[in-house]
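Given chain Z, put chain D in place with the hints provided.
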Amino acid sequence: MKKRLLYILISAGIIATSFSSCKKYLDELPDNRAELNTTDKIGKMLVGAYPENAYVMVAELSSDNVDDVGPVYLNYARFIEQIYKWQDITETSNDGIDRIWGACYGAIANANAALQAIDEQGNPASLKAQRGEALLARAYNHWILVNMFAQNYSKKYSTTDLGVTYMTKGETTLNPKYERNTVQEVYDFIKKDIEEGLPLINDASYANSSVAKYHFNRAAAYTFASRVALFTEDWTKAVEYSTEALGNNPTATLRDYATIASFSAAINNTTREYNASSVKANFLVATAYSAMGTTFGGYSTNNRISHGGSIAMTETAFASQPFGKAATSTDYRIRAFAYTSTTANKVIFPHVAYMFEYTDQVAGTGFSRGVYAPITSEEALLNRAEANINLKNYSAAIADMQIHINNNTISKPATISEASINTWANSFAYFTPTAPTPKKKLNPDFQIESGTQENMIHAVLSLKRLQFLHTGLRWFDVKRYGIEITRRVAPAVNNGTMTFTVTDNTLSIRDPRRAIQLPQDVVSAGLTPNPRSNEIK
Amino acid sequence: MNNLPFSKAWSLLPQDHRFCKPLRIMKISTCLLFAFVTGVHAKGTAQKVTLKMRNARIEEALSAISKQSNLRVLYSENLNAKSRVTVNLKNASVEEALNSILSDKNIEYKIIANTISVNSNGKNDVVLEATQQSIAGTVKNADGNPLAGATITVKGTSISTQTDANGHFKINAGGNAVLVVRYVGYSNLEVSVNNRSTIAIVLDSNQNQIDEVVVTGLGAKIDKRTFTGATAKVDMKDIELGGLPDPSRALEGRVAGVSVQNTTGTFGSAPKIRVRGATSIYGSSKPLWVIDGIIIEDVSNVSSDDLSSGDALTLISSAVAGLNANDIESFTVLKDGSATSIYGARAMGGVIVITTKKGKAGRNSANYVGEFTSRAIPSYNNFNIMNSQEQMAFNQILEQRGWLTMADVASRSESGVYGKMYELIKAGQLENTQEARNAYLRKAEYRNTDWFKQLFSRTIMQNHSVSLSSGTDRAQYYTSISGVFDNGWARKSDVKRYTGMFNASYDLFDNLKLDLRTNGSYRDQRAPGTLGSSVDRVSMEIKRDFDINPYSYALNTSRTLDPNEFYTRNYAPFNILHELDNNYMDINAADIKFQGELKWKPIKALELGLLAATRYQQTSQQHYIKDQSNQALAYRWMPTTFIRDANPFLYTDPSDPYAVPVSVLPYGGIYNRTDNKMLTKDFRFTAAFDKTFKEIHKIYAFAGAETNSVDRNQNWFRGWGLQYDLGEIPFIDYKLFKKSQEENADYYSIDRRKNGDIAPARNRQVAFYGTANYTFDNRYTINGTLRYEGTNRLGRTTSARWMPTWNVSGMWNVMEEDFFKKLNTPFSNLSFKGSYSLTADRGPDFVTNSKIIIQSYNPWRPNTADKETGLNISDLENSELTYEKKHELNIGTSIGLFKNRISLDVDYYKRKNFDLIGIVNTQGLGGEISKYGNVANMESHGLEFSLSATILKKQDFSWVSSFIYTKAKNKITALENNSRVSDLIAAGGYGRVGYPVRPLFSIPFNRLLPNGLPVYNYIDGTETTTGVYFQERKKIDFLKYEGPTEPTDMGSFGNVFSYKNFKLNVFITYSFGNVIRLDPAYKTGYSDLNATPREFWDAWTVPGEEAFTNIPVILDRRFIRNNSQYDYAYNAYNYSTETVAKGDFIRLKDISLSYELPKYFVQSLKMNNLGVRFNVINPWLIYADKRLNGQDPEFVNSGGVALPIAKQYTLTLKMGF
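First to last, the protein sequences are chains Z and D. Heads up: the first sequence begins at 1 in my numbering, then just goes up one per residue. Heads up: the second sequence begins at 1 in my numbering, then just goes up one per residue.
Extracted from the complex, chain Z is given alone in its bound form:
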């Protein structure tokens, strides 16, 4: 009997030991997944807090920077057509809206994971810089989302306009349902994050000055803050933030065109150098899975919808600008690349780069990448100019615009003044689709005086349009200033003659289509879609 008891005890012992060691045994991680338990790892988590897909294609092709250059050009994917015609986008692509949605919210999730880990560590001083970056990144990604998928900020409508959901926590269940915040609420959150994060940003927390360009360094953070202030009509804050970004001497951050121009033999080399992290003017550099580099480069990709000769001649590159008029493409500090052939009708500034990431060199497979600089010193400068115009500090605005013009435009630019800008602006009638000019009717929700103030705004918007051509930023100005766009067919310029066939597809003021419809999967999963009027063209 004793022995039987002994056996029972032994077996019980074995079972008990195995039970207790179970937990430890099963706590072994199944693969090399990481846990956020050190400063270093929390910092690394923020590498992923920037979107891997860009708004550039959708924003640029929605804007007035492109025309339908005619059915001669065959590369006209349905995806491109849907964007161009402001239809609900159902096609998918690396540049698709589902990718933008996923990439921005994914980056937000990374920032939130880092913030949560920082909180779990007790929010120590050693993690201040990381906290600052995470907050800025969270604000930036929400800014992209709210500007793509909602109406622009406006004091009048934003408290009721549908914004996006502001995520402050990670998602932990399979298919949770959310409510959308209003545009006003989203901007309030963005501002709160910016204000908390800005003082914490520390450029020394990044590995080197090149790597810092892929993160919210001080200059990028303040420029972004100036953008948010500008978009919310907070002109003084916009001036203040831009000044913080640029420092006392704005010329210190000007783009070095001499170096970039030495690569101008091939457009791909020029675009690469233009967006290099070593360029002082690039405050933030991003790489995205995108066809932007070929669409806005020397390729026939998506050649039906492009920044064609007609727009270039009448509104942008070769139209009369506040700084004068470029006679040839080589007048620009980096030449404009003008293509007129059976496969391309476009005028290109080397602003976005096409590069290729190989996953297998031997097999030659990989991803096409678009490299672009979403935040630059030029933006800080022109934001300050625009804010000053709205504050009626015209001389300060003209000084900033002059700095910009002298460095960034044609080789021998004019000196501008209040008078020269008035003259320039008054030389045009307002734009119509068949008689295009650089001066478009502005219908913002805030007050601008006609005359000098409006003319100055025309000038700064035109400079912005040129400087940020192909990078998508024009779309946000179109929305902010309530610029109407009518789609038209503008075939190649034939011996100086331009023909325009105008469609009835006009993006009116406060057109619901200015808020791009949410990805259809997201809508079918139950998130409230953007309203659409019945008469969609």
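Where hints are given, some of them may not hold.
With the C-beta cut set under 10 Å, the calculated list includes, among others, these residues of chain D facing chain Z [to be verified]:
(1) ASN763
(2) THR791
(3) ASN792
(4) TYR857
(5) ARG861
(6) GLU868
(7) ASN878
(8) GLY924
(9) LEU925
(10) GLN1031
Since the hints were derived computationally from the structure, they do not count as laboratory data. Backbone N, C-alpha and C fix where the C-beta goes; we use that ideal spot for every residue, glycine too.
Below, chain D alone, put in the same frame as chain Z:
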């Protein structure tokens, strides 16, 4: 209690008898014994004996006497020591005791010199002869082996004799007498003499009836008569396929409910095996392999869909490729939840248990098996491919249509005869005149190169295997070694495999048993160099760069090419024979397993087991791309500036604005190496209780606890510039690293990533399980199983870690019912069983996010200075993640008729799979719109029918037939569609609601236009030619459903004819119900390298022909310039309703004739047996869809390392000593 072992008090109480086995059993020959009989006959001894035994074996009684009297006992081999006696003696003398034991058993004894010699009383056959007729005969078992020492008695008399060592006997009996033949372990047999003078007697072993157990593989052994699950057991000797060294292939068509698709036949790659069809949508549904109680983990994760990919990784996908088929005793397939639930969350896809051979007590035997296999070279007669004359005529059409002009061909990266011709013209070696060109092309026209003959050979594959089995009552051994030597059917497909096995069992004490098993294998294999394949999702083109698979090369390459000439590929010179010699892979796979098991029976009814095993597997895959190979040359081929600027393998330095393309591989070749390592550890504790109370209550209970750990590792390395020609010294260009960094490409990796090839890298599992089985009066059985297991698979979470699985089942054995016995039916077996179970699986390897998964990555950056390593969320937390589950109802019956001459097993099952992993579209605010979660459901049902019948059984001739039929159907009942058009038309899609898992859809072809272009029915009733959008996910209703890609009805028909020593086995397999997508053959343009099918003759040429043909026009090059979208039209045609074939086939899988040499001859060679067998595998595809044009319906021609199973002839030699 004294009934515990090792207790000093060794009283002979009845319940003790099984512990009193004789310590030694010695055999002496009868004659030696008789020599002593005439000597001293010592009477009596002083020792007193006390015996109290009921129904004990004689040997036990003798042993007890021996112990108590200190006399040694010798008894002869032919003593029926297992017959039973009942004695009750107290203080009796030894003689008294012996008399009472042996009196009525025809056994006599002598006590000589402290030794009791016991022998059968053999005097009778001397006394009674003369008056009766002498009958001679032999006694053999069913395998034809003679039985020595069998007792033959004339019924009703005491006349008796025994067979000699060769099974011969002589006995005197009347012409109408009846002989009773007895032999231990065999059923008694009564044979009427019927005035014969020679009688051949075959005894049936009753071993199976007594001891047959179902081995479920985790240590549980349940009496088959009370086993309630659906299982099937096949012995290797019945199903072996000579010439196929990978044993998994032998299962094809042998077991109802198991489908085996040989999607590739290359050694080391696994066939696609499904037990009762798919059980998961995104998971692999692969069955679990269990060898001798240990789960065999895969070293690398190759999903069932990737098995047919042709990628190099498939060469290490077979779990059992390292096992010698001759070492396998049997396969047991566990099919329903009742049988598999003890395996819990791994066994949803069924379990295949392999039992290896063990040594047997008492007999030394040595066996040699040699197989010599030759494979037939494929013939163009079986394929519908143009010969060189037709091809050249077709080339002329291409030339007319602008595809083979000098300007065009010169700028091509790939060209054949025309490219060569223009090259010669340019080099001035061929006159540029019509006559000279025609003469050159005429040579090509008559060339008719047989690529199969160039690339395949009939070389003999040898497989030698030697095994030894020996043992005593205390220890048994089985050892074997084998070697496969194959110089390759196709060029560069050599295999050498060596295996060794050592199985030993020791009875340390009467109640303590130790089993030790060691086996190992090493494989050295060569394969053509291959890279992974990729699919261009936009145009639906499947690409594999630098593919040199001999089979697909032979099928796809124009027969106008000269096999000794270099043509152009990737701008560089290419010749297949040269390339195969300079671009190949070596695969080395070593696998070793150590396993020990201790079994202890503290009391009779209880057995405790302890098992520990560890297995280490390492494979290395070395891809040599030598200096002169096309693949290496392509990296530096720039004879002209045109090619320099066009060659994509050259590098242009981005930091230099004036850079021209240069080579990063100026010298040498490329060396790739991938190592996969795996270490598994298993530890298990089990307890089994088996007891019958009051003869009618039978209880079997089994409980266990186990831990398993698996650690996997994959290292990859790519060395550039290795100069194979110069003593293998590397020459590395720094630009290569610059280029790699710019492209974010690594040159080595240690892959333990979640989404890498191997997953999960570290697996830990703990499980507790138990099963209880109660049988009442052999008639009614109920059974229940419960398992509770935990794994680290889903991360450091406690919510999804543990999973209980269970089953309940029952059986009714009608045969044991009294009322049924009275009916006197021809039934010899009739039982019904049913089970209901919940089993589960962990879902696909890539869904493990019950906690957030964060992984490191190197984001792509344009400059080397911008690089940094970051972390990223790869999967958001899904706290609701759980196992994939399955409810299964199984109903089955077993029927035996006419003494089991006909036996029939039928099983029907219905399954509801739920909580399956599927894709769900979310609002995406966590960053992922599409997520994997437990959102899908599936239903399946099936019928399994297995009939075997002994149709004829005569003295010398027998005919045994078996027919197996399986039906397995499944349907997805809940799943959000996420498949693109491109997935659904290429059968790579995961399915749609209302359709089976992996359905095949087609783009509906409508008609040809009057210009020869195809028109398809498209979305919302529209028609299109070039508008098919392959990435469409929403509007997919325009697709036509063709059928499932996995067969729904399959099975086999086997016949074994035996005549004397000859045995003929004809084995036919069949499979129905699936559809196959034909190889894509249609393109907008063709080159002078392509071999084209003869159908191209029927292509549209002039308006009006669209009424007679559905084959679109061969496009004119000028025409295509007008519209670049024709790619879409022609690729759509490759995936249209015009290019689907039925996968149905009936195949004569194996036909074999074996011959056992006669015993007398064999014994004169001092051998035990000697046999030869000749078999042909795949000799005849009896039926297949004509549209396949010779394409094997099972084989997926994906290039890379994939090869079909050839028609092969094997001669097998078997020798036993």
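A quick look at each hint next to the structure:
1. ASN763: 6 Å, holds
2. THR791: Constraint on THR791 of chain D satisfied, holds at 7 Å.
3. ASN792: At about 5 Å, which falls below the 10 Å cut-off, the nearest Cβ of chain Z leaves the hint on ASN792 of chain D intact, so it holds.
4. TYR857: The hint holds - TYR857 of chain D has a Cβ within 10 Å of chain Z, the shortest such distance being about 8 Å.
5. ARG861: 6 Å, holds
6. GLU868: 5 Å, holds
7. ASN878: 5 Å, holds
8. GLY924: Hint on GLY924 of chain D: holds, closest Cβ of chain Z at ~5 Å, below 10 Å.
9. LEU925: Hint on LEU925 of chain D: holds, closest Cβ of chain Z at ~5 Å, below 10 Å.
10. GLN1031: 7 Å, holds
Checked against the numbered hints listed earlier, the structure breaks none of them; every hint is satisfied.
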